[in-house]
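Residues in the sequence shown are numbered consecutively from 9, following my numbering.
What the hints contain is simulated information worked out from the structure, not anything from laboratory work. Virtual Cβ for every residue (Gly too), placed ideally from N, Cα, C. Some hints here could point you the wrong way.
Unchecked claim - Computed cross-link-like contacts, DSBU-like style, restricted to lysine-lysine with a CA-CA straight-line distance of at most 30 angstroms:
id	residue 1	residue 2
1	K40	K56
2	K56	K132
3	K178	K132
4	K94	K40
5	K40	K132
Unchecked claim - Restraint ranges, calculated between C-beta atoms of paired labels, are given here:
id	residue 1	residue 2	range
6	N125	S154	44 to 50 angstroms
7	F80	W344	26 to 32 angstroms
8	V35	I319	43 to 49 angstroms
9	G133	N175	29 to 35 angstroms
10	T37	G366	30 to 36 angstroms
11	R122	D239	55 to 61 angstroms
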Amino acid sequence: MPVRAVIVAAAVAFVISLFGTPVAIRVFTALKAGQPIRSLGLASNEGKTGTPAMGGVVFIVATLFAYVAGHFALTTLPERQIAQEKPTMTALILLGLFVFCGVIGFVDDFLKVRQRNSDGLSAKGKLLGQAIVGGGFGIAALYTASTNGQTVASEHISLIRDISWLNVGKVGSVIVFVFVITAMSNGVNLTDGLDGLATGASTLVLGAYALIGYWQYRHWCADETYARANDYCYQVRDPLEIAMIAAAAAGACLGFLWWNTSPARIFMGDVGSLGLGALIGGLAVATRTTLLSILIGGLFFIITVTWVIQIVSFRTTGRRVFRMVPLHHHFELAGWSEVNIVVRFWTVAGICVAVGLGLFYSDFLAAVG
Numbered sequence: 009m010p011v012r013a014v015i016v017a018a019a020v021a022f023v024i025s026l027f028g029t030p031v032a033i034r035v036f037t038a039l040k041a042g043q044p045i046r047s048l049g050l051a052s053n054e055g056k057t058g059t060p061a062m063g064g065v066v067f068i069v070a071t072l073f074a075y076v077a078g079h080f081a082l083t084t085l086p087e088r089q090i091a092q093e094k095p096t097m098t099a100l101i102l103l104g105l106f107v108f109c110g111v112i113g114f115v116d117d118f119l120k121v122r123q124r125n126s127d128g129l130s131a132k133g134k135l136l137g138q139a140i141v142g143g144g145f146g147i148a149a150l151y152t153a154s155t156n157g158q159t160v161a162s163e164h165i166s167l168i169r170d171i172s173w174l175n176v177g178k179v180g181s182v183i184v185f186v187f188v189i190t191a192m193s194n195g196v197n198l199t200d201g202l203d204g205l206a207t208g209a210s211t212l213v214l215g216a217y218a219l220i221g222y223w224q225y226r227h228w229c230a231d232e233t234y235a236r237a238n239d240y241c242y243q244v245r246d247p248l249e250i251a252m253i254a255a256a257a258a259g260a261c262l263g264f265l266w267w268n269t270s271p272a273r274i275f276m277g278d279v280g281s282l283g284l285g286a287l288i289g290g291l292a293v294a295t296r297t298t299l300l301s302i303l304i305g306g307l308f309f310i311i312t313v314t315w316v317i318q319i320v321s322f323r324t325t326g327r328r329v330f331r332m333v334p335l336h337h338h339f340e341l342a343g344w345s346e347v348n349i350v351v352r353f354w355t356v357a358g359i360c361v362a363v364g365l366g367l368f369y370s371d372f373l374a375a376v377g
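Work out the full structure: start from the sequences and follow the hints.
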């Protein structure tokens, strides 16, 4: 069964990340690539200065190798079961998005280490880089069609599938894609403030997209046998590829979490958070679940919205709605321990993922009767 490829991708990524991360810890420690910590008077910051950053490099590399391993697993199947044996444009575009947004984060992390402060790239510099990468993703996703004319992305805004009456055109779609990718990328970045918080939440969200991708593959319009026998199918391109990439990234994050949980031996850094967020945004676009991703990635959405509320409130009224943002620091100042915050926020992330998957499946049940 092709599900073997998805399982192999997740397992290989987990193993590479689990055993590759301690190697990265030693290398980054030897290079003195420690994370500069801004003094905010928070208990969670105590003793963390100098902890190796840039750990995201490990799970990006693990995801790439695991994706290749997943394809190798396909070649071991009987010929009649082999599906999408060669890497497709969908995979190349999604992995390219992951890598290039990771590069933006790597530059930011490198500048922080080199300058020995927590400034790094300017906010405008990050946004410009994300917009360029997101725009490139959007153009490639809309203009690179398969032999049957299917593109990676659609010109329609999507919830659980494309909304037929909400066609925003190619230019509008690229703008939407840039916004989704940038927002999700920065949402994960804002969440990455406590040991294991962003890593655990990302694992849950990526796991959800692995399930969505594989479900779409099993009910795919390009599967002529299935499509002829059923009235409902998913108009997406290369869903098995999507499932493999999401599963590989989830496995890589889970392996990294072993070393990133409290007390963290290594941080993912912006190379990890910006890359992961962009990948999640890309998965949402490719699976036609753009609006649903707000719920599936609900924790990232909540943390981003509360951050915006704080900024707008302070600039317009001079008052703060929260003790400190991002939101996890508000609860730190309220007396919650770091571990309590992380576990409770993981719980929120899990609930959001469960509800999102429930809505996705309920749409299928409603369609098939």
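Taking the hints in turn, this is what the structure says about them:
| no. | hint | in the structure |
| --- | --- | --- |
| 1 | K40 <-> K56 | holds, 14 angstroms |
| 2 | K56 <-> K132 | holds, 27 angstroms |
| 3 | K178 <-> K132 | holds, 25 angstroms |
| 4 | K94 <-> K40 | violated, 40 angstroms |
| 5 | K40 <-> K132 | holds, 27 angstroms |
| 6 | N125 <-> S154: 44 to 50 angstroms | holds, 47 angstroms |
| 7 | F80 <-> W344: 26 to 32 angstroms | violated, 45 angstroms |
| 8 | V35 <-> I319: 43 to 49 angstroms | violated, 37 angstroms |
| 9 | G133 <-> N175: 29 to 35 angstroms | holds, 33 angstroms |
| 10 | T37 <-> G366: 30 to 36 angstroms | violated, 44 angstroms |
| 11 | R122 <-> D239: 55 to 61 angstroms | holds, 59 angstroms |
Checked against the numbered hints above, the structure violates hints 4, 7, 8, 10; every other hint is satisfied.
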